[in-house]
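Using the hints, position chain H against chain B.
Chain residues, written in single-letter form:
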Amino acid sequence: DQQVKQNSPSLSVQEGRISILNCDYTNSMFDYFLWYKKYPAEGPTFLISISSIKDKNEDGRFTVFLNKSAKHLSLHIVPSQPGDSAVYFCAASEVDQFYFGTGTSLTVIP
Amino acid sequence: DTGVSQDPRHKITKRGQNVTFRCDPISEHNRLYWYRQTLGQGPEFLTYFQNEAQLEKSRLLSDRFSAERPKGSFSTLEIQRTEQGDSAMYLCASSQLAGGITDTQYFGPGTRLTVL
Numbered sequence: 001d002q003q004v005k006q007n008s009p010s011l012s013v014q015e016g017r018i019s020i021l022n023c024d025y026t027n028s029m030f031d032y033f034l035w036y037k038k039y040p041a042e043g044p045t046f047l048i049s050i051s052s053i054k055d056k057n058e059d060g061r062f063t064v065f066l067n068k069s070a071k072h073l074s075l076h077i078v079p080s081q082p083g084d085s086a087v088y089f090c091a092a093s094e095v096d097q098f099y100f101g102t103g104t105s106l107t108v109i110p
Numbered sequence: 111d112t113g114v115s116q117d118p119r120h121k122i123t124k125r126g127q128n129v130t131f132r133c134d135p136i137s138e139h140n141r142l143y144w145y146r147q148t149l150g151q152g153p154e155f156l157t158y159f160q161n162e163a164q165l166e167k168s169r170l171l172s173d174r175f176s177a178e179r180p181k182g183s184f185s186t187l188e189i190q191r192t193e194q195g196d197s198a199m200y201l202c203a204s205s206q207l208a209g210g211i212t213d214t215q216y217f218g219p220g221t222r223l224t225v226l
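So the sequences go chain by chain: B and H.
Using the numbering used here, read the first sequence as starting at 1 and increasing by one per residue.
Using the numbering used here, read the second sequence as starting at 111 and increasing by one per residue.
This list has only true hints and no planted wrong ones.
In silico DSBU-like cross-links for lysine-lysine, where the CA-CA straight-line distance does not exceed 35 angstroms: (1) B:Lys54 - B:Lys71; (2) B:Lys71 - B:Lys56; (3) H:Lys121 - H:Lys181; (4) B:Lys5 - H:Lys121; (5) B:Lys54 - H:Lys167; (6) B:Lys5 - H:Lys167; (7) H:Lys121 - B:Lys37; (8) B:Lys54 - B:Lys68; (9) H:Lys167 - H:Lys124; (10) B:Lys71 - B:Lys5; (11) B:Lys54 - B:Lys5; (12) B:Lys71 - B:Lys37; (13) B:Lys68 - H:Lys167; (14) B:Lys68 - B:Lys5; (15) B:Lys37 - B:Lys54; (16) B:Lys71 - H:Lys167; (17) B:Lys37 - H:Lys124; (18) B:Lys68 - B:Lys56; (19) H:Lys167 - H:Lys181; (20) B:Lys37 - B:Lys56; (21) B:Lys68 - B:Lys37; (22) B:Lys37 - B:Lys5; (23) H:Lys121 - H:Lys167; (24) H:Lys167 - B:Lys37; (25) H:Lys124 - H:Lys181; (26) B:Lys5 - B:Lys56; (27) B:Lys37 - H:Lys181; (28) B:Lys56 - H:Lys167.
Derived from the structure by calculation, the hints contain no laboratory data.
Next up, chain B with everything else stripped away, as it sits in the complex (with noise of 0.2 angstroms):
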């Protein structure tokens, strides 16, 4: 049971567009919610997360905006940089379990 869905599992963008990176979730008891980068043959790194009091969070070039009513997130990068490419993970937090979804492979085309 994947309570947390990424259902784009690749995205290309053009270097200096903007990403938008989008996660599900269906488990409205989630409070926690943040945003991975992995490259390959390492772990994910911690980008970016928001509270469920929040709607929005921003830290430099990438925002996460969360949607409760929709159970829905996203992530922006802009301006895009080659750089960023990278598989992105999103995540959700009840109490002390997080849960993560499948991954989206962005690809920044210079």
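Coordinates of chain H only, in the frame set by chain B:
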């Protein structure tokens, strides 16, 4: 302390053998998590510790799997009588619980297990 470390990075074993992995968390972190990741999937929760106490185990964790964190610092994950289906990347992560709020998890590089 530069982050979470895991050892070994790669392990190849024959079916039926036992394997043990080690995770060293970020030193001030009191929580330690183990995950398993297979190709095309996100990390799946296996178990976690708060200090030396194992607080939660996933139903994915069969009785062939055991984890310990004896002194609340490093942790080991042992798989007995390995099966080919155990082949995966095993990830460790640590975080700090403070004031009842869990901080972000920071992941190690993982141990890739191949069972022949």
